[in-house]
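Protein chains in written order, with my numbering: chain A, 1 to 389; chain B, 1 to 427.
Treat the hints as calculated values from the structure; they're not laboratory data.
Cβ atoms here follow ideal geometry from the backbone N, Cα and C, with glycine treated the same way.
Careful, some of the hints might be misleading.
Short, incomplete list of chain A residues facing chain B, as computed with Cβ under 10 Å [stated by the list, open to error]:
hint : residue
1    : 14
2    : 144
3    : 187
4    : 190
5    : 302
6    : 333
7    : 337
8    : 338
9    : 384
Lysine-lysine pairs mimicking DSS-like chemistry, simulated, CA-CA at most 30 Å apart [stated by the list, open to error]:
hint : chain 1 : residue 1 : chain 2 : residue 2
10   : B       : 44        : A       : 362
11   : B       : 125       : A       : 188
12   : A       : 188       : B       : 40
13   : A       : 79        : B       : 37
14   : A       : 284       : B       : 427
15   : B       : 197       : A       : 362
16   : A       : 79        : B       : 40
17   : A       : 233       : A       : 154
18   : A       : 225       : B       : 37
19   : A       : 188       : B       : 126
20   : A       : 233       : A       : 280
21   : A       : 48        : B       : 244
22   : B       : 40        : B       : 197
23   : B       : 99        : B       : 40
24   : A       : 48        : A       : 37
25   : A       : 218       : A       : 37
26   : B       : 4         : B       : 88
27   : B       : 40        : A       : 225
28   : A       : 362       : B       : 40
29   : B       : 126       : A       : 249
30   : B       : 125       : A       : 249
31   : A       : 65        : B       : 255
32   : B       : 427       : A       : 288
33   : B       : 244       : B       : 396
34   : B       : 197       : A       : 188
35   : B       : 212       : A       : 291
36   : B       : 207       : A       : 188
37   : A       : 362       : A       : 227
38   : B       : 44        : B       : 4
39   : B       : 297       : B       : 396
40   : B       : 310       : A       : 65
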Amino acid sequence: MEKRVREAAEAARLVGKEKTQFAEVPPVTDQITVRMKKDFRQVPLSEKKSVMEKYNRVIMDHHEKIESSDVIYRDTFRKVRYANSQGTYIEDERPDLMVRLSATARDGTNVQKGFESVGGGDGFQLTEGLEEKAKTAAQRAIDLLSAPPVTGGKYTVVLDPKLTGVFIHEAFGHLSESDFVYENDRMKEIMVLGKRFGSDILNVIDDGSLAGLRGTHKYDDEGVKTKKNYLIKDGILVGRLHSRETAAKMGEEPSGNARAIAYQHEPIVRMTNTYIDQGKTSFKDMIKDIKLGLYAVNSIGGQTAMEMFTFSAGHGYMIRDGQVAELVRDVVLTGNVFETLMNIDAIGDQIEFSKAGGGCGKGGQMPLPVGLGGPHVRARNIVVGGRQK
Amino acid sequence: MIAKKLIDQAMKKAQGAQASINQIESTDVSFENDRLKSIKSSQKTHISVKVILNDRIGSSHTTDINDLDGVVARALESAEFGSPAHFKFPSQAKGPDVKVYDRQILPLTKDTMINIGDEMISLVKKYNPEILVHAGVTKGIVQQQFANSAGQSYTTETTKFDVGLHGQLTRGRDILFSWDSLTRKNKDIDHRQIAAKTIHWFKLAEKNVSLKSGTMPVIFTPAGLSVLTLGLRMGLNGKSVLLKSSPLINKLGEKIVDERFSCTDNPLLDYASRSESYDEEGIPHQITPLIENGVVKNFLYDLDTAARAKTKTTGHGIGCGPTNFVVKTGNTSYEEMIKSTKEGLLVHSVLGLGQGNPISGEFSVNVFLGYKIENGQIAGRVKNVMLAGNTYDALKNIDCIGNQAEWVSGALLTPPIKINKLSVIAK
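Just chain A, with the same shape it has in the complex (with noise of 0.2 Å):
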């Protein structure tokens, strides 16, 4: 222990060139302790196994086409301890769980997956009933063995709930995370509160206080209250996420966005619980006047390099003549935040929380749980991956 405190201390000398700084907080002493509606550590391994391994059943009996099958079942218990030298002690109980449902169909050399997962940290009541979604995995892998390839060009895209998780999340949510911006002057420029990112219909905000998401704490890891933080109001960027340190070099409000996956890293910028807030549209109103678009549905995931990003939806349907078409598969959308976020023209009456179970990666830090949601979205001229007829 002593020799590892010596090296921590040789560590901040040899780095100590220049003053790092703090936002202030006021310290806090709290100890929380969760209760599950069913606690998984109660539930002994035979009974998850079972579980999983009727979910299995429903995926492999469900078609002759099905070929192999994926169920995953995870549960974790953290117990963090948080302390630091301004006074801050805080205990905080962490579950999680996550079950995947995944299914391969194959025809020939024709290979598909559907997949549906859940996840959450209120307990194994969560993996209850969940027939209908192994079934609709399956299924999925099956209709999307006679699914084409969509078409790739320049579309009207509808997004799903899932996926405007997903998309707000990549194109977005990383531009605001401070420590891209905090030293570093032309990302200052391009990021000033008061510019307009998008139309007045536009609410982007994150909030890891909100209840029973994934990206949901008290206390960040630096022992900050979380909160909810608007990010883009009416279309104008007032907000950004912040550790203690990026607040105090940019003269901010620390947000409780400071996060770290385990003891052996560093809390860094994070998001928590991202989502669009609801707007006014209708589905029906939104897809009615759109001659040849494309309805995106579900997430495999995203990826963002800033200014460019990519997302990927599950599957998709074609939207002709106002009305929802034809399936298709390899749907990958791609955009620039500055000119997406300005496409967006219309967002749905209602708003939904993704409860799937996947994470979040950054600065090696994989994966970290995180909220995503939002109501139905839809954007103009958005670029989609494919090949050309």
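Starting from the structure of chain A, add chain B where the hints point.
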């Protein structure tokens, strides 16, 4: 030897057992936004025990060196719910000689590591002071003890050295990144070369140019070639073949791509980042030809998968994934490749690789560092461009293969490859 003690303890109940203890020490120096940001030293111990009990596999891991009885007990306990074992633990066999330890790595001081970072940053700054630079230098050592109940037993010591550089240039709303990195098991990394490569891709991107959608010749740089190798790596995985999710089932011995294309899995290259004498199951490593002159030669297997597939392990435990993936060189120079292209795309890095349905060989990616080739010259960077196609179709359609291979981050050794035509969508 602790591993042997764990085996003895497990064998009181189990029919077979395997244990490994890894002790990892590493020091990491990292720079952010042109300045030294942190120095981190870490020490980790991983103990893992795997047992076969009543024909089922059980396993457990711990980081607590004082919990040897506990880790064995949990491995035995988990066997009750484990998957059926189709294999037996391998008997004693000595692994081939491959150099994995460099005496020069451990004595590297933090100051030396800081100097490496500083020098790379000043090289980039000299080219363009507007670029914000991140850099990292890591050294490490892993000591491993391995033993199983069938008599296999050894200790290994491997070193690791890692140097990486990442620059960001923001011009108005145009955000550009360029980076390079290399991981090796010896100190033989030229950090100035890493800086030079990073600067090279910045230089070519000084001008943005536009590109028209269509099908066109595409040159993949060694780093860009990951777009095509990802599908292969997944398709050649023995487990995917066994579970019939690979498009390569029943293709063993069949010509699936251009006859100039060959690739092997090679864990025996001295000091390469994935080189080792043994795999994680104690199997001596070997070189495995994967595709030879366009013909599928082997799939990659671990013990259990091989037994289920009624074949032998290739030493790719656990998980049947490649070690160092090596693509054979051809006879065209990179310069010649570019010169012979009237209009085309040069791809160095992409966004979104692996999303979609990569095992089928399909890819649909945003070209992040991509350059337009016009009349045999690189005209500038292209943005907002999507590239789509299928690995197997692309590799049937090779125009030429580069005559020089390069390490990509340390696990892929490949030349550049030019594909006759691929579909490109531009905004």
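Report task. Assess, step by step, whether the Cα of residue 65 of chain A is no farther than 30 Å from the Cα of residue 255 of chain B, and give holds or violated. Result -> Distance of about 26 Å is within 30 Å: holds.
Query raised in the report: Does the alpha-carbon distance linking residue 126 of chain B and residue 249 of chain A stay inside the 30 Å limit?
Result: holds, 27 Å
Query raised in the report: Hey, does the residue 338 of chain A contact hint survive, CB to chain B under 10 Å?
Result: holds, 5 Å
**Report entry** Hint validity - residue 14 of chain A Cβ closer than 10 Å to any chain B Cβ
**Finding:** holds, 6 Å
Query - Restraint check for residue 244 of chain B with residue 396 of chain B, where alpha carbons must lie at most 30 Å apart - result: holds, 22 Å
Query - Status of the residue 187 of chain A interface restraint (C-beta, 10 Å, chain B) - result: holds, 6 Å
Query raised in the report: Hey, residue 233 of chain A versus residue 280 of chain A, does the alpha-carbon distance stay inside 30 Å?
Result: holds, 15 Å
Requested in this report: Verify the proposed pairing of residue 233 of chain A with residue 154 of chain A, using a straight-line Cα cut of 30 Å.
Outcome: Given that 30 Å is the threshold and the Cα spacing comes to 28 Å, the pair holds.
Query raised in the report: Has the given pair, residue 188 of chain A with residue 40 of chain B, been kept, meaning a C-alpha gap of at most 30 Å?
Result: holds, 29 Å
Query raised in the report: Are the Cα positions of residue 99 of chain B and residue 40 of chain B separated by 30 Å at most?
Result: Judged against 30 Å, a Cα distance of about 27 Å means the pair holds.
Query raised in the report: Quick one, are residue 225 of chain A and residue 37 of chain B close enough, alpha carbons at most 30 Å?
Result: holds, 26 Å
Query raised in the report: Do the numbers back the hint for residue 190 of chain A, that is, is its least Cβ distance to chain B under 10 Å?
Result: holds, 6 Å
Violated hints: none; the structure is consistent with every hint.
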